[in-house]
Amino acid sequence: MANKLIDIDDLNFVLYDQLQIETLCQAEKFADHSKETFDMIIDAAEKMAVNDFAPVNSEADSIGCSWKDGIVSVPQPMHGPFKMYCEGGWISMPEDYEVGGQKVPYVVNFACQEMFFAACHSLAGYMGITHSAAKCIERYGTEEQKNKYMYALYEGRYAGGMNLTEAQAGSDVGAVRSKAVKRPDGKYSITGTKIFITGGDQNLTDNIIHIILARIEGHPEGTKGLSCFVVPKVRINDDGTLGASNDVKCAGIEHKMGMRGSATCVLNYGDEGECIGELLGPEKQGIVVMFTMMNEQRALVGLEGLAQGSTAYMHAIDYAAERLQGTKLGSREFKQIPIIEHPDIKRHMATMKASTEGMRSMVLYLTYCMDIAESTTDEALKEKMEDIIEVLTPICKAYCTDKGFEVCTRSMQVHGGYGYCTEYKVEQFLRDSKITSIYEGANGIQANDLFGRKIKMKGGAAFNNMVATMEETVAKASINPDMVSYAEDLKAALEDLKDLTATLIKESASENAYLAYSWATPYLELFGDIVLAWLLLWQANVATGCKAEKSDKKEFYEGKINTAKFYIGSFLPVVSGKISAIRKNEASILAM
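Quick note: the sequence shown, position 317, residue 1098 per the working numbering, numbers continuous.
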């Protein structure tokens, strides 16, 4: 078993050396904080993740959620850590004092969340969706709705639910059939069925507040006719006490490959005609309102991919260092050596290291940009950060979840036959991680979002801001003698990316649009490869300076430099091949 859930040294490097998050404290929004408070929060999160979340992970997976007589039960071992998390104020931590938060930057919050998700993915998911529901009501709700629902959600007394998917409307949200009929009191009677609802029902909290997409009777088809509603599982009386059931029934739970401690539910609304909902935000703006939840969840799901890959990598390090098999290459001695010394295993380990460290940097950089955008008074900087957030979000969600699953697969390979057995935890990490590439917008949807919208935003200005930011790092690395050739490789890749992007934008607006869009997923994949190379080059440049100043951690910083060299030298050349394949524009798919 790994001694650590994640690499804390690398986490601190990204936060304090690469991103220098202490500078956020210069903004009024975060002025009450310092490196000392950030360290205390991260240390507390690590202790809870290690001591309370991780010990229940395997047991909760083994027990699983159950559904009997319409009642959903979550594995009992999860109840204690859930209560502890909520009582500690972790759900509302990044929010304002007025709603019970601590004004902690999102980048610090996500640093903590990586540990919670690495420790017990199923359990941490309940809290993540609850925060998103509360945030949605905070942004779009009336004062009455905030008082009735938001505070209880941020406190964890109620849980949240995100309700989009229906049998005929998965990624095609516009096909939603759930209906809302206005009542004389201004509220709405809700009818419909939602599927694949994470935490749709459970016995962790006394109430669940669902945010649901439905179509008001008479409103047009498609996404433009959808509105958003707050629908509690149990009605809330005027004095804040719980009232009658709100005719929200769980018709069953899914039996899944992974995340078995997370209840994925089929929910029926209004079977008895008694389900009452309240409009959240303006009519026919349901997609806009729901994107408050979706955008946060997409960044969070990218983090989930990182978290499972990260903990799988830590387990692989321990196993490969302890497992004795074979003799040293070229040696005549018959002395067994740790498998980490074999070249094939070392390449697996180096690949996992580069992937997890690059993903961590990507997720935390994205949330750091969110913090700057929300706290800066510089309008030009705010716009730049918002552009980067738009472009990077679908990449973060899709790339990190695919890459996280790949890391879990490599970890299992390093473990050999033992990795395939339940006695070793990596098989659960692999099972738990797969859903991340599917839910909150399957990765193909993220690719279409990047390809069809984000690179075209503002006439390409958002894409240009993203690329210009990467080029700034290349320019700095170009004067570092140790990294100059790697900087040149990334510079060439960025030029190819710009040229390819311009070509694909043109093709997507022509009669060849279908073929152009068929390249959306490969395009996102190679864009992610380049972003990872950029982040690792940035880290190597920072580590070069740190190595000279902090001799006590020289080996760590040399590891960062070598990781960047390994990735850029081994994987960036493959990007050239991916770009060549797209440029060839093989059209045989059209005949298949």
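Careful: at least some of the hints might be erroneous.
As the list claims (entries may be wrong) - Derived lysine-lysine pairs resembling BS3-like cross-links, with alpha carbons at most 30 Å apart: (1) Lys-1163 / Lys-1335; (2) Lys-1163 / Lys-810; (3) Lys-1037 / Lys-1005; (4) Lys-1287 / Lys-816; (5) Lys-1237 / Lys-1287; (6) Lys-1257 / Lys-1328; (7) Lys-1030 / Lys-968; (8) Lys-785 / Lys-968; (9) Lys-884 / Lys-1163; (10) Lys-1335 / Lys-1215; (11) Lys-968 / Lys-810.
Claimed, not checked - Quick list of the computed label-pair ranges, beta carbon to beta carbon: (12) Glu-1276 / Phe-1337: 47 to 53 Å; (13) Asp-790 / Glu-1276: 32 to 38 Å; (14) Val-1015 / Ala-1223: 28 to 34 Å.
Please keep in mind that the hints were generated in silico from the structure rather than gathered at the bench.
Even glycine gets a Cβ: it sits at the ideal position worked out from N, Cα and C.
Now for the hints, and whether the structure bears them out:
| no. | hint | verdict |
| --- | --- | --- |
| 1 | Lys-1163 / Lys-1335 | violated, 36 Å |
| 2 | Lys-1163 / Lys-810 | holds, 14 Å |
| 3 | Lys-1037 / Lys-1005 | violated, 33 Å |
| 4 | Lys-1287 / Lys-816 | violated, 47 Å |
| 5 | Lys-1237 / Lys-1287 | holds, 10 Å |
| 6 | Lys-1257 / Lys-1328 | holds, 17 Å |
| 7 | Lys-1030 / Lys-968 | holds, 20 Å |
| 8 | Lys-785 / Lys-968 | violated, 50 Å |
| 9 | Lys-884 / Lys-1163 | holds, 19 Å |
| 10 | Lys-1335 / Lys-1215 | violated, 36 Å |
| 11 | Lys-968 / Lys-810 | violated, 36 Å |
| 12 | Glu-1276 / Phe-1337: 47 to 53 Å | violated, 33 Å |
| 13 | Asp-790 / Glu-1276: 32 to 38 Å | holds, 34 Å |
| 14 | Val-1015 / Ala-1223: 28 to 34 Å | holds, 32 Å |
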